[in-house]
Amino acid sequence: MTRTKSTIPFHHLIFHDDLPKLRDVEKRLTNFLKASREKAQRAEIKAGRMTDDDRVYSYDLVDDADKQRIKGRAIWFLEWLVRAVREIL
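Each residue of the sequence shown is one higher than the last, beginning at 0 in numbering that gives the first Met the number 0.
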């Protein structure tokens, strides 16, 4: 007699302990914004539409208004994750 092995599909669960912290999400979004703005500046310099003297340094690329938007989006994202976890349960 042969034994058949069946695989039981499991759902990918996210537990409350696995949710990222607010400051981690904010840091990821800030790093992404800085990287994309630095990349855009390098492209502008390479294309000749901007000189190296006009370049904005990386610590000035994200201002207070950007930080407020990032914080709001990070909060929205975490609230969305918590709702998604609760719907699964």
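The set of hints was computed from the structure by calculation and includes no laboratory data. The beta carbon of each residue, even a glycine, is placed where N, CA and C say it ideally should be. Any given hint might turn out to be false.
[Claimed, not checked] Pair by pair, the computed Cβ-Cβ distance ranges are:
{"id": "1", "residue 1": "47", "residue 2": "81", "range": "44 to 50 Å"}
{"id": "2", "residue 1": "81", "residue 2": "38", "range": "29 to 35 Å"}
{"id": "3", "residue 1": "71", "residue 2": "46", "range": "30 to 36 Å"}
[As the list claims (entries may be wrong)] With a straight-line cut-off of 27 Å between C-alpha atoms, the simulated DSS-like cross-links for lysine-lysine are:
{"id": "4", "residue 1": "70", "residue 2": "45"}
{"id": "5", "residue 1": "38", "residue 2": "26"}
{"id": "6", "residue 1": "45", "residue 2": "20"}
{"id": "7", "residue 1": "20", "residue 2": "70"}
{"id": "8", "residue 1": "66", "residue 2": "20"}
{"id": "9", "residue 1": "33", "residue 2": "66"}
Hint check results:
| no. | hint | verdict |
| --- | --- | --- |
| 1 | 47 - 81: 44 to 50 Å | holds, 48 Å |
| 2 | 81 - 38: 29 to 35 Å | holds, 33 Å |
| 3 | 71 - 46: 30 to 36 Å | holds, 33 Å |
| 4 | 70 - 45 | violated, 32 Å |
| 5 | 38 - 26 | holds, 18 Å |
| 6 | 45 - 20 | violated, 38 Å |
| 7 | 20 - 70 | holds, 12 Å |
| 8 | 66 - 20 | holds, 16 Å |
| 9 | 33 - 66 | holds, 11 Å |
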